[in-house]
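Full structure from sequences and hints, please.
Quick mapping for you: the protein sequence lines, in order, are chains D and V. Using our numbering, read the first sequence as starting at 1 and increasing by one per residue. Using our numbering, read the second sequence as starting at 1 and increasing by one per residue.
The hints are simulated quantities; they were obtained by calculation from the structure and are not laboratory data. It is possible that some hints are incorrect.
Covered stretches of chain V, going by a simulated chain D footprint (3 or more residues, C-beta under 8 Å) [unchecked claim]:
1) 114-120
2) 156-164
3) 180-187
4) 209-223
5) 243-252
A short list of chain D residues far from chain V (calculated; beta carbon distances all over 12 Å) [as the list claims (entries may be wrong)]:
6) G42
7) E46
8) V54
9) L58
10) A66
11) A81
12) P109
13) L149
14) R161
15) H166
Partner residues are not named here, just some residues of chain V that face chain D (Cβ under 8 Å, in silico) [what the hints assert, rightly or not]:
16) L32
17) L37
18) V43
19) L44
20) P110
21) P125
22) N258
23) I260
24) A261
Owing to the predicted nature of the structure, the values given are computational and were not obtained by experimental measurement. Beta carbons: idealized from backbone N, C-alpha and C, even for Gly.
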Amino acid sequence: MAHTLRRVVLAVGLPIVLVAVWWFATASSTSFFWPPLRDILGTFVETWWPDRLVGDVLPSLMRLLAGFAIAFVLGVSLGVAIGKSRALRAFLEPVLEFFRAIPPPVLVPILILFFGIFNTMKIVVIITGCIWPILLNTVEGVRGLDEVLSDTSRIYRLSRRARLWHHILPGASPQIFAGARQSLSVGIILMVISEMFAASNGIGFTIIQFQRTFAIPQMFSGIIVLGLLGVALALIFRLVEARILRWYLGLRAAQRGE
Amino acid sequence: MMTTATTIESGERPTGSTPQRRTERHVPAGVLGALGLLTLVVVLELVPRVGLVDERFLPPFSSMVSALAQEAGTSTFWAALGATLTGWAIGLTIALVAGVVLGIVIGSIPVVRAATSSTIEFLRPIPSVALIPLAVLLWGTDMKSTLVLVIYATFWQVLLQVLYGVRDVDPVARETARSYRFSPLTTVRTVTWPTALPYVMTGFRLGAAVALILEITGELVIGTPGLGKEIGVAQSSGAVPQMYALVIVTGLIGVVVNLIARWGERRALRWHPSIRAEVG
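Written as structure tokens, this is what we have:
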């Protein structure tokens, strides 16, 4: 009992202290840039509920999901193809290294040329940023597949499709998920950046709007929304990962002797 | 070498991730790679020339190159390049030092570690770009605005790796150090640091790439001096070939940064079994 209590105190102690410090340090603040936390939280609900939640947060999230999903499918299928062929890998390696090294946000001005400033551009921006970690990790994952299993599935004449579903994809999935986790945080950044450039709705657009009109408490509330969103998405991702990679995480725990 | 920036949670060994490479039997990999680059150049040249894509959107590769040559003759370009690299280096250094020092302190003291883990878990996924409006408000287009983004994003990469590294310290070695009454400083120097170094270097490699991305992003979005800002200027003045040329430059810088980071990693870990095994 005392043990659980200690863990709870350790887990929530510091966050409470930090929020308290923020609350009291700004409580009597008259600084224009640092409004009291009380004011920020006071405007929070009326700022976001319900119009902006539906009108801004939801469109942002839809674009992020669409971009991430397309990048995932593209990245995994290209990654499997590239990972399986040594010649193709050697052929594409320098090109991929180059594209991966381009900071994704600089593609926004280029993609605006092609796709304008609407949803398509934003989704394409997210795809171009998200695809690299997934693609490269899939290539590595496919490359690192257990050779005995590869030979076994070939000897048993498993069909291509069966090999893909029962050997290649599961075998590479820990790596694929490691890449997807990176992609998700890149995707959130690009979602915001693309909206800061040109948009008529979205979280990034709204926050910049608040900043330009010097609506400081609202701007802070937007930053908090963005932070909560990042945390929530990371949490959901971890739950999905824990479910799909159950076998792998269990295997590793067993190997570590836990 | 296609090393990926994987950070599988709680400690896949971060070094030596390159499995043994078999030499290509017919065409050497280098030749194929060069062919790949050549193909990309040809495609970029031909697609606009034959009119598959509007030249106003995608100029032929040759005009990108001549725009680049033109840029390279201006002092604006070199000043911007200098500003980008300076901001990147300063941000990366601050994040590295802060990440390593805090990581070792937090990781070495169990109570502190337990007390901070929930906070770290919460703060880490907060997208760094959320800080943009605040930074603009406080510093405008001063270099500091971008620096804050760079440090915030890079710091977490380093801190997490250092924490994994400190956790990896052999309990027997730690107990031995305690039995011999090593001072905390000696323990850090002789026990913690050598174990954590591979992780620190992974943090350095990941952080170097992230810092560059955030540096250029900040310049582009906020308008602090640097290549990102020049891309924004080229875009708003409709100088499309210049814009492409600058984007290519940022990609090349990224490639060089990756190569240097990998080289530094191998060099700092020459003594480490994971590197020695690869060479031997």
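Verification of the hints:
no. : hint    : in the structure
1   : 114-120 : holds (count 6)
2   : 156-164 : violated (count 0)
3   : 180-187 : violated (count 0)
4   : 209-223 : holds (count 7)
5   : 243-252 : holds (count 7)
6   : G42     : holds, 19 Å
7   : E46     : holds, 19 Å
8   : V54     : holds, 21 Å
9   : L58     : holds, 18 Å
10  : A66     : holds, 18 Å
11  : A81     : holds, 15 Å
12  : P109    : violated, 4 Å
13  : L149    : holds, 15 Å
14  : R161    : holds, 26 Å
15  : H166    : holds, 22 Å
16  : L32     : holds, 4 Å
17  : L37     : holds, 5 Å
18  : V43     : violated, 10 Å
19  : L44     : violated, 11 Å
20  : P110    : violated, 10 Å
21  : P125    : holds, 4 Å
22  : N258    : holds, 6 Å
23  : I260    : violated, 12 Å
24  : A261    : violated, 11 Å
The earlier numbered hints that this structure contradicts are 2, 3, 12, 18, 19, 20, 23, 24.
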